[in-house]
Amino acid sequence: MNCPHCGVEHFPEPAGGKKADGGEGGCPYLGAPFPRLRAGHDELFYGRWRRADASPLDLRRAHHRLRRLLDEIAAALGSDDLPATRKDLARANDALHMATLHEDGQESFLHADHALSYAHRVIGDLLHEKGAPPHSPGDFSAWYEAAEVPFREDW
Amino acid sequence: MISLDRYPKEITLRNDARLVLRPLTPADGAGLWDFLRQLPELDKAHFREDVDDRGVVERWADTIDYGAALPILAWDGSRVVGSVTLYRNRTGWKQRVGIVRILIAPDFRHLGLGTAMIREMRHLGEQAALNYLVAEVIVIQGAAVRALERMGFEKKSVLPKFVNDRKGRLYDLAVLVYSLSNAEGEFYF
Chain A
1 MNCPHCGVEH
11 FPEPAGGKKA
21 DGGEGGCPYL
31 GAPFPRLRAG
41 HDELFYGRWR
51 RADASPLDLR
61 RAHHRLRRLL
71 DEIAAALGSD
81 DLPATRKDLA
91 RANDALHMAT
101 LHEDGQESFL
111 HADHALSYAH
121 RVIGDLLHEK
131 GAPPHSPGDF
141 SAWYEAAEVP
151 FREDW
Chain B
156 MISLDRYPKE
166 ITLRNDARLV
176 LRPLTPADGA
186 GLWDFLRQLP
196 ELDKAHFRED
206 VDDRGVVERW
216 ADTIDYGAAL
226 PILAWDGSRV
236 VGSVTLYRNR
246 TGWKQRVGIV
256 RILIAPDFRH
266 LGLGTAMIRE
276 MRHLGEQAAL
286 NYLVAEVIVI
296 QGAAVRALER
306 MGFEKKSVLP
316 KFVNDRKGRL
326 YDLAVLVYSL
336 SNAEGEFYF
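Chains as they are written, first to last, in the numbering used here: chain A, 1 to 155; chain B, 156 to 344.
No lab work stands behind these hints, which were simulated from the structure alone.
Think of the CB as a built atom: it goes at the ideal place given N, C-alpha and C, for glycine as much as any other residue.
The calculated lysine-lysine pairs, modelled on BS3-like cross-linking and capped at a C-alpha distance of 25 Å, are:
{"#": "1", "chain 1": "B", "residue 1": "K199", "chain 2": "B", "residue 2": "K310"}
{"#": "2", "chain 1": "B", "residue 1": "K310", "chain 2": "A", "residue 2": "K87"}
{"#": "3", "chain 1": "B", "residue 1": "K249", "chain 2": "A", "residue 2": "K87"}
{"#": "4", "chain 1": "B", "residue 1": "K164", "chain 2": "A", "residue 2": "K87"}
Non-contacting residues of chain A with respect to chain B, defined by C-beta distances greater than 12 Å in every case (computed):
{"#": "5", "residue": "N2"}
{"#": "6", "residue": "G7"}
{"#": "7", "residue": "E9"}
{"#": "8", "residue": "P12"}
{"#": "9", "residue": "E13"}
{"#": "10", "residue": "A15"}
{"#": "11", "residue": "R51"}
{"#": "12", "residue": "D53"}
{"#": "13", "residue": "R61"}
{"#": "14", "residue": "M98"}
{"#": "15", "residue": "T100"}
{"#": "16", "residue": "L101"}
{"#": "17", "residue": "D104"}
{"#": "18", "residue": "E107"}
{"#": "19", "residue": "E148"}
{"#": "20", "residue": "V149"}
So here's chain A without its partners, still in its complex pose:
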């Protein structure tokens, strides 16, 4: 069931008895700006389509979710004067377009993965403009069926 707060399907509480990071009301994304965008990103980041045993259907579902995420990001960006951010969003859209064009699963996967990376950068820009901390999916891994927790490196 999808979370009523952020709109994505994540565990109702963090796995392994880990302490929730800023979570409230069973949703770890509340308490910081753009919860739907951050959750939408992480749902894709930890999605089945990125696993070794992903099916073509998983990939097609990911394309649809990416489309929705990019549309929501565009709405959040609105008419803000952020050309670099807008350019990254255009790149994300281009990469998703390429992903949907490719028949070959691996090629399509790579383009979709690039689209997700650009989306992450755009979300980071939006958070920066709001004065909020950066978003790291690794902080939310316990709320998903995460095969592995991504290595986090900040500078």
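Once you've looked at the hints, dock chain B against the given chain A.
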């Protein structure tokens, strides 16, 4: 002329520390000197003057010309903990190219401040109608190189044993370039 209306700007780091970003002013000389003193020798090697000399740093602050060098400082209360400077040429063939230098206090690294500074520079580069931003980073400062790449800078070359520190040791230098939105499809500016 770059609009500086966005400053002072508050940002939040990964550890929830709240910092304020704002341009260097003549009143900030002492704070800047204190900041530069905390930095490892290698971080200061690119300066053309001795930044351990308080007089040098205070003179910079007193004579700052935002059209040539726009330093944005990150303040934790009354302490400077980071800086990013956009260097520009008013004329000549590189007048649409900005040089970026980012410095972060050792105890504020790996918290997202460097990345926040890169975001700030991308924004200012667009505001200044530049075509490209260029960052030169010593290769062993791997976290900085990777952060720039994650933010869209492309590593164009690595120059082996190209720059030296103040003791004469040589280091490989990475040159990274970011294409701003003005750069695409233009033949004239």
